[in-house]
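Q: Each chain, written out:
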Amino acid sequence: MNQESVMHYQVDPWNYYMMRVRRRRMEEEDEMERVMRIVSESAVVIFSSSSCCMCHAMKSLFCGMGVNTMVHELDQDSKGKQMEKTLMRLLATNSTTLPVVFIGGKLVGSMDTLLAFHVNGSLVPLLKQAGALWL
Amino acid sequence: MASQRIGEIGSSESEPSSQHVPYGVLHGITTSTSSLMNQGSSFDFGELEEAIVLQGIKIRNDEGKASLFTSKPAATLEMFPSWPIRFQQTPRLVASLTSPSLTNPYGGSKSGGESTDSGSTELQFDTDSPISVKASSSDHQNRAFDQIQQQETATNDVLRTETSQNQSTAKSYQEKKKGASSTSEKTLDPKTLRRLAQNREAAKKSRLRKKAYVQQLETSRLRLANLEQDLQRARSQGLFMGCGGNTSPGAAIFDMEYARWVEEDERQLVEVRNGLQGALTDNELRVIVEGYLCHYDELFQLKGVAVHSDVFHLINGIWTSPAERPFLWIGGFRPSDLITMLMQQLEPLAEQQMVGICELRHSSHQAEDALTQGHEQLQHSIVHTIAGGPVVDGVQQMVAAMAKISSLEGFVRQGDNLRQQSLHQLCRILTVRQAARCFLIIGEYYGRLRALSSLWTSRPRETLITDDNSCQATTELQMLQPSHSHFSSF
Chain W
1 MNQESVMHYQ VDPWNYYMMR VRRRRMEEED EMERVMRIVS ESAVVIFSSS
51 SCCMCHAMKS LFCGMGVNTM VHELDQDSKG KQMEKTLMRL LATNSTTLPV
101 VFIGGKLVGS MDTLLAFHVN GSLVPLLKQA GALWL
Chain A
1 MASQRIGEIG SSESEPSSQH VPYGVLHGIT TSTSSLMNQG SSFDFGELEE
51 AIVLQGIKIR NDEGKASLFT SKPAATLEMF PSWPIRFQQT PRLVASLTSP
101 SLTNPYGGSK SGGESTDSGS TELQFDTDSP ISVKASSSDH QNRAFDQIQQ
151 QETATNDVLR TETSQNQSTA KSYQEKKKGA SSTSEKTLDP KTLRRLAQNR
201 EAAKKSRLRK KAYVQQLETS RLRLANLEQD LQRARSQGLF MGCGGNTSPG
251 AAIFDMEYAR WVEEDERQLV EVRNGLQGAL TDNELRVIVE GYLCHYDELF
301 QLKGVAVHSD VFHLINGIWT SPAERPFLWI GGFRPSDLIT MLMQQLEPLA
351 EQQMVGICEL RHSSHQAEDA LTQGHEQLQH SIVHTIAGGP VVDGVQQMVA
401 AMAKISSLEG FVRQGDNLRQ QSLHQLCRIL TVRQAARCFL IIGEYYGRLR
451 ALSSLWTSRP RETLITDDNS CQATTELQML QPSHSHFSSF
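Here the protein sequences line up with chains W and A, keeping their order. All letters in the first sequence, in the order written, are residues 1 to 135 by the UniProt record's numbering. All letters in the second sequence, in the order written, are residues 1 to 490 by the UniProt record's numbering.
FYI, nobody ran anything at the bench for these hints, they're computed from the structure. Cβ coordinates follow ideal geometry from the N, Cα and C atoms, glycine included. One or more hints might be untrue.
[Stated by the list, open to error] Just a few of them, taken from the derived set where beta-carbon distance is under 10 Å, the chain W residues facing chain A:
no., residue
1, 34
2, 36
3, 63
4, 123
[As the list claims (entries may be wrong)] Anything over 10 Å on all C-beta distances counts as not near chain A; from chain W, calculated:
no., residue
5, 21
6, 71
7, 121
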């Protein structure tokens, strides 16, 4: 693959560029798949950073509600940076918005969406539906 | 005083130097205006001469004395060669004017008026001598110093009476003086003319200067009045505009916008109150309620902008009134506390609504706890970063601290988000009429807190003794009575 790309580079820059784009797309799909794989493993999945205090707040919130969450510390993951980028793409935002929470395999969002849902009264049914909360 | 002068004359005349003879005679002459002269000093008689010329005093005398007088300027000039006569003499004259005997009858106003002129004026204002002052008043028709003019005429009257009360020796001197006037009146030499012209110029300059000074005083007085008014208004709103060095531009802008929001809030409150008391339909009330919700959304938007520009200003709560500050939670009110307060006031609630509100209070309480925990951890982390370990170097430390401050911004944002969501949910749970009552309660609650703050800031500070505190409280309660509109319950 590498040799092929090198040859193409020497001969055809456009093709080389297209190959690069395709590869990145594949990587992104890989990442997305990885994320999807992770979030389906548990009812509540939080992507956080160990040094981020808002992430700590989100963890405390679920803890206070008695919900067991699976926390994925991106700063301790080798592919953390890429996953963060994937999440940013999912949230359609340019700024780093950790923590990000998935409930029942579906994206909920970052802290402000979660708080809105909670105040709204729609968080608890969602948790119950995902099997994270009983009564 | 006259006798003292004469005594001095005697002592000075005993001196052998020929220079002192005219000096001594000058002293003798000055006894005619004896109450004016405090010090034995040279005195350019030419000034009196010119004054008399202008005044046209009728007392004429033998012209034999003219030679005596004409020699005077020369003698005095020799005495102080480096100084022109003018500058040398006028301080003495001014000093004479400020002597107690003169100032007492008029409370020092005249001499005060003269001495408030700028120093150079005093030097050049040859017409300071009492009689010459009157002369200039007659000479210069359009004087700005009307007050001084009156005082001058009054002074002249006193001087005239004083001179008339003088001893006979003084009188003879006076006659000599008048004698000189008759001769110079007839001659009007160019020197006198020049001096008169210079007098006029000096008087004009000093008048203009005084006018400018008075104008300056007036404008600064107006400015002071305006400033006091602004300060009063700001204080009454319970806001404190921090001193220039401490407030950032973002903070100042937010303070201004918040003040405007508070004014708008009071207006909306009146609207809601009228809406509730009047027989409005539910739809009309709904419009009002939604207007109030939008009003609060505006506040949160303002705070969102302010968080980005100056998060510390929002957190320290200096933009709120003093009485609100103890209840501050991450830059604003605590939603669960507000809901608890509302629940007590909105007594007749349906079962469903009661449940809904309880749930809202519960969930906002949970969210508050979570945010508080995160906020505390952030504070610990900032302390740790700033305290720094042995490994971390200065720049890295500062960069890390700055990053933590930006996460502090995130917390304030989430706090505001929670507040906003709680208010919206409240409006969803309650009926329109209940929601209107809700906003009325909230508005009045904060209005009372602000009134309490302004009462507290304007409390008398001198009474620090505990005995006085009780009567202080009663007087404050009495003060509360007039502002009853603030406290109308419904």
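Q: Starting from the hint list further up, note which numbers the structure goes against and sort them upward.
A: Hints 1, 2, 7 contradicted; others consistent.
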